Amino acid sequence: MTDKEPRLLLFHAPLLRQDMTTPRTMRDVIVALLPATAAAVWYFGLGAVLVLAASILGAAVAEWLFAPRASRGASLRDGSGLLTGLLLGLTLPPGLPMWMAFLGGFVSICLGKVIWGGLGHNLFNPALLGRAFLLATFPIAMTTWPVITPGEFGVQAGNLALPFMQAGADGVSGATPLGLFKFEQQVTPLAELAFGKIGGSIGETSGALLLLGGVYLWIRRDLDWRIPVSILATVALFSLVLVLFDAERFPAPLFSIFSGGLLLGAIYMATDPVTSPVTPKGAWIFGIGVGVLVMLIRVFGGLPEGVMYAILLMNAATPLIDRYTQPRVFGHEAESS
Amino acid sequence: MKSFRRLRRSFEHGVHPAHYKEQTENLPTQRMPFGEHYVMPLGQHIGVPCVPDVDEGEPVRRGQLIARPGGFVSAALHSPVTGTVTRIGDFRGVDGGFTQAIGIEADPFSTQEVDPEAVPDWQSLSLDAFIEAVQMAGIVGMGGAAFPSHVKLSLPEGVAIRHLLINGAECEPFLTNDHRLMLERPAALLEGAEIMRQKLGAVETVIGIEANKPDAIDTIRRHIPDGHPVRVVPLKVKYPQGAEKMMIRSVFGVEVPAGQLPRDVGVNVNNVGTIVAIADYFLRGMPLIERVVTVAGPGVTYPANLVVPLGTPVRDVMEFCGGLRPGSREIVMGGPMMGRPVASLDVPVLKGCSGLLVFAEAPTTERREYPCIRCGRCLEACPYFLNPSRLARMSRARMYDEMKDYHVQDCVECGCCTFACPSNIPIVQLIRTAKDDLAHRKEPGE
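For the record, the sequence lines run as chains A and B. Mapping the first sequence onto numbering that gives the first Met the number 0, position 217 (from 1) lands on 216, and the numbers just tick up by one. Mapping the second sequence onto numbering that gives the first Met the number 0, position 300 (from 1) lands on 299, and the numbers just tick up by one.
Incorrect hints may appear among the rest.
What follows is a list of derived Cβ distance ranges for each label pair [what the hints assert, rightly or not]:
(1) V214/A / D345/B: 53 to 59 Å
(2) R367/B / L236/A: 41 to 47 Å
(3) R219/A / R440/B: 41 to 47 Å
(4) Q17/A / K403/B: 51 to 57 Å
(5) F163/A / A396/B: 25 to 31 Å
(6) K280/A / E156/B: 30 to 36 Å
Residues of chain B placed beyond 10 Å of chain A at every Cβ, according to the derived structure [unchecked claim]:
(7) V232
(8) M337
(9) I372
(10) R376
(11) D400
Hint data in this document are derived by calculation from the structure and do not stem from the laboratory. The structure presented is a predicted model; accordingly, all values stated were derived computationally and were not measured. Ideal Cβ positions, reconstructed from N, Cα and C, are used throughout, including at glycine.
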């Protein structure tokens, strides 16, 4: 026996924990996004870096500013705020003025998270809420897509606009594959969609790398695979049915999956555990709902892209889905609640 | 679908903690030498505490009855040593409070050898007499819950037992006492099983053992006497495989309806230690005065499987195992998933003490708690298909009554949810708080 009697602690069982922690999950998602982010920098140059940095900074500043004084800094360390900033940045056009990206990150955290009560309490995905704010506030800047310039690490023309100024008249402006398809009936080849030689938001360039990150998250058990699988399957099925009607007018299944922000949204945003259902059955319903809404907006709506609104709408339905999909309890008959 | 599930020999959900059994699984059981002081709490089983049957200063013989059952749901106590009763009164309990107990000082010159008590022939006993004999032998569930075993034997009208299920799963990490018992005393286990099976009128004995103990499965299979209807079923290694309703689900593919008992689906479940205790009493005349305890964990100098006389202070056990390592901060009685923290080294080994595990500070305090991000891991872990994250939130808000609508009473506190939580939220602890509150609340007008 040791000489001194140990002062015993009385922590209650279970004393064992698995080694997954919430900050590790956040780190994993950030790591999974790095390849696609690197590809974006290759295609869009320094402009993408500036936009991403600005939105992450905006999120971090809001996170620090609105944290209770006692735990200031702690909420930054769990990584969720940085992830929100990064996700928001990836949904923005690379030519966006930096001050707008900063404002978006700031709004994401304060309107998307803090006012709900912080991490775990928000109803809507913070990054998408920030993007919806930016889209409503700066519709032109948010839909101006610069031409891709692989390997040239220049700054985009709009990036350095002074605060509260719009970007100067942009010489060349490109278009997104969805925009081309919707307004000019022009189909982008699948190889370009998969490897990113396309115009669009920073993060939507490379579908293949986004999928790679998704596989990494799946291996690390960081995401509920049911959500991306059900979203993508719904979109594919929906467009397959449409193509059977009219192959000219409607997008093909693979085009639907790889174009726009669908992969980014399905793998990284719809799977945000806070704003998606916890029950397995609920996850399927949620995913199918997102898939249907995406296709409805893309095909029949006035906008070329609808991932953001689809996810936000299903976020709003999440508490209801959770309520009606409570699992049957062991030893009880299935009950209808 | 049902037959497919039966093939897997498991239940749904659950978690996979590391086993940590390497420390002790190959260590043969040793007998712990007798010490000086023993403490026998009157309420070391679930149910009504015992009533002392000896006086202070009275000499007692090892195996002598020292306390009678205080009611039907209660089991007798016997002296673990030959010596003298020093005091009957308050002694330190496991949780740090005081509990009524009988203090005994061992006679240092006694051989501690006793002739077995004369036990009536079990075959000629009526069921009622058999039940009373089990109660007077002090036999309780040895898996940890310490529920008096005879209560499970008395069946209401119209309920018949078809299967005797013997629980050798030992799904708790670190513990190897049941494993060693199955390896070292397979004959006693099978004898006890036959006694129980015949008395219950069951058609078959099933022994469920987790597949990570192939040597135990093999040993028991080799020892099954001809003509005994015994089946050994290897089970998937998953926690909580040893929870009785989960094991019934794994072995027979049926769910015990909520609020009902295993007997309602025709099954009687007993831990291997309990069955061996039955054999020891009816064939060798030894009431329950000692048990096998696994002493393990990072804070133990020499881990061991020990036969410990009941009432031995934890301090003596730890000293015998070479003392605590520096930095040891917590001792758990039972397994790391469901055991109870020990408040003091003066606490005695109880009938339900399957293990004494010593931990350093690290596994308990290092982790910070984060907000619930609704990841759903606790839902996928809960073997009862509850929604632990919701229950934890409601418990924090003191919405105990509303928690009943979410089936909080079905929770068996196995701790899977807390184990699985990446945010390190003490989910099962919060649920326990709510269940305690509900259990101790006075009804209006009471």
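Task: Structure versus earlier hints, numbers of those that do not hold, lowest first - done: 4, 5, 6, 8, 9, 10
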